[in-house]
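> Letter by letter, the chains look like this.
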Amino acid sequence: MGLVRLVVVGGIILTVIYFSISIYSRSIRRERLEDRWAEDHPDGGDAADRTAYIEAGMAKYESGLRKKLILLVYVIPVVAVVTILWITNAN
Amino acid sequence: MRNVLRGLRWAFFGVIALILLYVLPQHDVVRISGTEVIRQDFSSINRLFYAQADSGANELATRDVRFIQTVKRKTFLLGFIPRDAEGVMVYRNEDSGWIWPPYFKFDSSDLQGEAAELVSTKANPQWAVITHYGFRNRFFSIYPNAIGIKPVDGPDYYPIPWFNIFFFIFLGIALLFVRAMWRQFRERSLDPALDAAEDRWDRVEAAANERKSRFGRWWDSWKKKPRR
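Residue numbers (my numbering), protein chains in the order written: chain A, 489 to 579; chain B, 8 to 235.
To be clear, the hints were calculated from the coordinates, so they are not data collected in a lab. Beta carbons: idealized from backbone N, C-alpha and C, even for Gly. Check the hints yourself; a few may be wrong.
[Stated by the list, open to error] Chain A side only, calculated, beta carbon under 10 angstroms to chain B, not exhaustive:
no.	residue
1	492
2	504
3	508
4	511
5	530
6	548
7	549
8	551
9	566
10	570
11	575
12	577
13	578
[As the list claims (entries may be wrong)] Going by beta-carbon spacing under 7 angstroms, a handful of chain A positions derived as facing chain B:
no.	residue
14	491
15	494
16	495
17	513
18	515
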């Protein structure tokens, strides 16, 4: 019973953390793309081209490894719990 | 008002510090003098400071609790500064199971067995390190919960709190990360939204002023003209 409660409450908390980090990471990526465009086009460049450049960069991010690494938010606490469980109860 | 806010902030930090002090593991150098089991009739005050029945058992209002009686090497500053003094310390030994704090301890009986094995006399002492969390309070009959026991060579053993070191490093990194997230959110989402709202409000206000002035001009046209 306690385990069920731990899994449910922990799952909710980790999901909140997961989505917060995803939003943060996406925002950082978009900002970096915007900065890079501004560096290459000091005059601002063509607005449509800029949008296309940024969207292409974001599409690359969405399918990349970095985004999948955020799933570690779920993996690390489970590993930590198993480790603590083992250390506490092993003789 | 500022003093009230300052007081609230200190109270908040104080509560956080007390919770960490209660929950984080601490190491005591002890000589175990005995183990025993006492029935506990919890009150509404001290129930909070006990864990739960053995994890496979039913929780009832009253139950037996295992205790480990020791003679402890006293320290200053949470164990950082050793002292040449001894005092009595009693630990409870309960399963914390899946509940808070997250020690996931299920082996209370085994721990009691280890403690019984290390019982020694003053004449022929066997020293040990007890890892525990919690407070000892004599007025409310509150005891720290023993988590692990390890025999050591002598009373001068100095335990290094590795877990707490890494915990506070991790906590610092996590707080910096949350701060970075909040700044990014404010810069990219909050401020633009506020700017847009302000902008819209400015336009509404300007339009209202415009209408007012048109109405005012019409109204003025009905007023008596000043005599020349």
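> Work down the list of hints and note, for each, if the structure agrees.
Verification of the hints:
1. Look at residue 492(A): its Cβ gets to within about 9 angstroms of chain B, closer than 10 angstroms, so that hint holds up.
2. Violation of the interface hint for residue 504(A) is found here, the shortest Cβ-Cβ separation to chain B being roughly 12 angstroms, above the 10 angstroms cut-off.
3. Annotation: interface hint on residue 508(A) holds; nearest CB of chain B at approximately 6 angstroms, less than 10 angstroms.
4. With a cut of 10 angstroms, the hint placing residue 511(A) at the interface with chain B holds, because the nearest CB-to-CB distance is about 8 angstroms.
5. Below 10 angstroms, beta-carbon pairs count as interface contacts, and residue 530(A) has none with chain B, the closest being about 22 angstroms; its hint is therefore violated.
6. Interface restraint check for residue 548(A): the shortest CB-CB distance to chain B comes to about 20 angstroms, outside 10 angstroms, so the restraint is violated.
7. Checking residue 549(A) against chain B: minimum C-beta separation of about 15 angstroms lies over 10 angstroms; hint violated.
8. Taking 10 angstroms as the C-beta cut-off, the interface hint given for residue 551(A) is violated, the closest approach to chain B being about 22 angstroms.
9. Restraint check, residue 566(A) versus chain B: the minimum CB separation of about 12 angstroms is more than 10 angstroms; hint violated.
10. Satisfaction of the interface hint for residue 570(A) is found here, the shortest Cβ-Cβ separation to chain B being roughly 9 angstroms, below the 10 angstroms cut-off.
11. The restraint placing residue 575(A) at the interface with chain B holds, with a minimum CB-CB distance near 8 angstroms, inside the 10 angstroms limit.
12. A cut of 10 angstroms between beta carbons decides the hint on residue 577(A): the least distance to chain B is about 5 angstroms, and the hint holds.
13. With a least beta-carbon distance of about 9 angstroms to chain B, the hint placing residue 578(A) at the interface is held under the 10 angstroms criterion.
14. The interface hint given for residue 491(A) is met, as the beta carbon of that residue sits about 5 angstroms from the closest beta carbon of chain B, less than 7 angstroms.
15. A hinted interface residue such as residue 494(A) counts as satisfied when its beta carbon comes closer than 7 angstroms to some beta carbon of chain B; here the least separation is about 5 angstroms, so the hint holds.
16. At its closest, the beta carbon of residue 495(A) sits 9 angstroms from a beta carbon of chain B; the interface hint therefore is violated under the 7 angstroms criterion.
17. A least Cβ separation of about 10 angstroms between residue 513(A) and chain B goes past the 7 angstroms threshold, and the interface hint is therefore violated.
18. Among the interface hints, the one on residue 515(A) holds; its C-beta lies about 5 angstroms from the nearest C-beta in chain B, closer than the 7 angstroms criterion.
Of the hints listed earlier, those the structure fails to meet are numbers 2, 5, 6, 7, 8, 9, 16 and 17, in rising order.
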